[in-house]
Amino acid sequence: MSITSSEIVDAAGVDTAAGAPPPGGGRRIPLPPLTPKLVVGSGLVAAFVLFGLLGPLVVQDPSAVNSIGMTPPSAEHLLGTTQTGQDVLAQLAYATRGSLLIGAIVGVLTLVLSAFFGVVGAYAGGLTDEAFSLLSNVMLVIPGLPLVIVISSYVPDKSILLVAFVLAITGWAGSARVLRGFTLSVRGRDYVLAARVAGERPWRVLVVEILPNLIPLLASQVVMAVIFAILGEAGLSFLGLGATGSFTWGTMLYYAQNGLALRLGAWWWFVPPGLAIAVFGAALSLVNYSIDEIINPKLRSQTRSERKGWRRSARTAAVATDPTEVAA
Amino acid sequence: MSAATQTSPAPTGTGRPPVLSIRDLSITYQTATPVHAVRDVSLELGRGEVLGLAGESGCGKSTLAYGVTRLLKPPAEVTSGTVEFHSREGYALDVMRMDGEELRQFRWSKISMVFQGAMNSLNPVKKVRDQLDDVLSTHRPDMSKAQRRTLCGELLERVGVDRNRLTAYPHELSGGMRQRVMIAMAMALDPQVMIMDEPTTALDVVVQREILQEISRLRDELGFAVMFITHDLPLLLEISDRIAVMREGRVVELADALTLYTNPQHEYTRTLLSSFPSLTGERGGFVRHGSRAVRPAAGVEEETA
Amino acid sequence: MTTLEVRDVVKEYRLRSGFRSTVLRAVDGVSFRLEPGRTTALVGQSGSGKSTVAKMLMHLERPTTGEILVDGARVRRGRRAEVAYRRRVQMVFQDPFGSLNPYHSIGHHLERPVRLHHPGLGDAEVRERVLGLLRRVRLDPAEAYAQRRPHELSGGQRQRVAIARALAPEPGILVADEPVSMLDVSIRLGVLNLLASLQEEDDLGVLYITHDLATARHFSDEILVMHQGRIVEGGPADDVILRPQHDYTKTLRAASPDPDRRLAELS
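Protein chains in written order, with my numbering: chain A, 1 to 328; chain B, 1 to 305; chain C, 1 to 267.
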């Protein structure tokens, strides 16, 4: 006898503390439910990744200067050319790779740093927790943009790696705090205590009992870090503080601005990178919402499609009786 | 169009005139596979009566309470039946047909509810006085601020909480006190029916006893009817006039408390009763000595599912 | 067969608010013995300190002063002594929904303690023991249950799994912290009966922590009443309930729902 029906019956305001993962069945790590949100989001992300990986292999040389100057899209240059005759589509392909690379590096670094300082600190407790928490708070308070500007001003020729590194350093603290809070709450739960009582070693308790519960939250934080990285890099590059020697969406916008693309109406130069940033950010956000639905299963049942399901079954179910619509 | 009609209601089995008549009420949760939470429930609550609603989790007692007070949220839906409220002024209201302003006035001033986990229903960032004040200012706009203030103080004293706790925040009060504040809020508008959903479950036995005594005293003083919902059958046996036992959405037995205890008719009632070992008496073969294991009385099902 | 003795145990917590700090004495000089084959009930309301006593028995907290002796000897420091202690003293938690990790299968929950405390066993033997434990708590067919996740089981079944997990190291002492208070009423007795029969089979010493006087009376040999960190009364179950000496015990008894009393009043 499962508890599902009593969970539903108690849904009228009473909180049943089941906290169960979604019907992922026998899988060890639960996957988000397949909603249109998730399909669209991950589809777009996959498309961008493919473009970034394979695009540079099939397009022209993005740095090849041409004397034709700024030209609108044509058969030869599908997205037109820049002020110096460079092919915009080619640049876009390389820029996608560059931006995704920054996103990936920042994502991984944020994951490692925030997991270490947040999770390990909270689990260890005592002085370690205090020290790590202090460090996170200090890093959080230090203003990110000025710090980046200062670092950037010391290094004239910034590579993509440096930009990614700087973004990661300024961005991990927020995630660390969130993870710390969550770990502190999981640490006190009965099943963690039960594992300790059974005699498990501390590191095993951390890895086997606590971490699996953190995976959805970690995933969400990493995705947010990637979004932050891409937008941050775009902002930095636009200000001229980014990896101006490499191709990223941000640097494309920077050069487009310098080349007076907006004033001259050369939409094919700045719209593609801008649109790429916006669409990719939106796609990642959609994926993030889907992950949120694992963390908080209640979000699942409130979507519009779910509600439509209610009305439909209500109409088919109550036929003979007079269905008095109860106001919410 | 008003839902009120002039009727003179027939007396209930207890000899009291009914204040709430529930007839063939069915509530369904319209999810992918519909869940029939309440099935054809018919109950009459007499004026000033304490009716106990007993059952385990999932039997539909909370859903029934929410249905009667029109607090159900989708996907829950009343699929059939009527609920009639017989006001002491002499008219009857069809609860399911009310809407808008009429419903708003009905709720809390005619029927009020103390929810499950009510202790945690208080707003943690507002003082107790402000929360009580909210209730009064919403439903009695003609009262002045000073009058409201006085009434808040009276309400608290009525439930046995000192008046100077008005300026306290919820976290400064103990669990028992918070529960009394919730009861005070439910009583603020002098309702004729109070529905209490597991009001003492999270409280200590001693505090629980105090709260129950408080409720009994108030009931004697003000004459409201109480529908007391809980799984704790011995508790109901002590305070209720009549008890309805619910299982899987249906009322399987309805009798006065003593008859239910001494002569239960339905098998489920017997099972439920035998799940509570007697504090002072002997009951079947439940006594355990030394290392001899306890033998359950006949009728107790071992959970095998 | 293990004896556990608690001697004058005190637990103080330091509560900080701003720069000031106060000391809270959750447990104030508690002493009792747990012996094989006997159930001792620790009855108290919330805030009485009974949960703190449980935590100290399980080494989740350390007593400020006082000792906990196993078979008359103090527990030494160090990993090996800890593991040995945990092998002999185990706990059943209160919350059937919280004491099992939603990410792991039932089999995993039982395998871990078996492996930890019987290190020499091979995979097949571990598996056999896990299935055996499930059958002991009457979860049959064991193979099917071992694969399931906690959310697929009902509250009563989960609590049985929790009991099976506690029995995996083959302990001598079982601390049951309100084992049935979060279960549905009609299955409580089933679980308590299971505990009683397991106790008889394994000759366990059981500490039954509860706030419910009625089940305490029927399932234990001895009752200890705790109030504000102290044991105010202790003795054979029937004596404490039917002939209470201390004022607080009398208050508790009067406050507990007792339909027989109303029946007597009315007839």
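Calculated directly from the structure, the hints in this document are not laboratory data.
Since the structure is predicted, the reported quantities are computational estimates derived from the model, not experimental observations.
The beta carbon of each residue, even a glycine, is placed where N, CA and C say it ideally should be.
It is possible that some hints are incorrect.
[What the hints assert, rightly or not] Rough simulated footprint, nothing fancy, chain C against chain B, three-plus residues with beta-carbon under 8 Å:
(1) 61-73
(2) 133-145
(3) 235-245
[What the hints assert, rightly or not] Which chain A residues face chain C? A few, computed with CB under 8 Å, are given here:
(4) ASP129
(5) ALA194
(6) ARG196
(7) LEU214
Here is what the structure says about each hint:
By the rule of at least three residues with a Cβ nearer than 8 Å to a Cβ of chain C, the coverage given for the region 61-73 of chain B is violated, with 0 such residues. Under the rule that three or more residues need a Cβ within less than 8 Å of chain C, the assignment of the region 133-145 of chain B is violated, with 0 such residues. Look at the region 235-245 of chain B against chain C: 3 of its residues bring a Cβ nearer than 8 Å to a Cβ of that chain, three or more, so the hint holds. Hint status for ASP129(A): violated, given a least beta-carbon distance of 15 Å to chain C, over 8 Å.
This hint holds: ALA194(A) has a C-beta 5 Å from the nearest C-beta of chain C, less than the 8 Å allowed. Given the 8 Å rule on beta carbons, the hint for ARG196(A) holds: about 7 Å separates it from the nearest Cβ of chain C. For LEU214(A), the shortest C-beta to C-beta distance to chain C is roughly 10 Å, which exceeds 8 Å, and the interface hint is violated.
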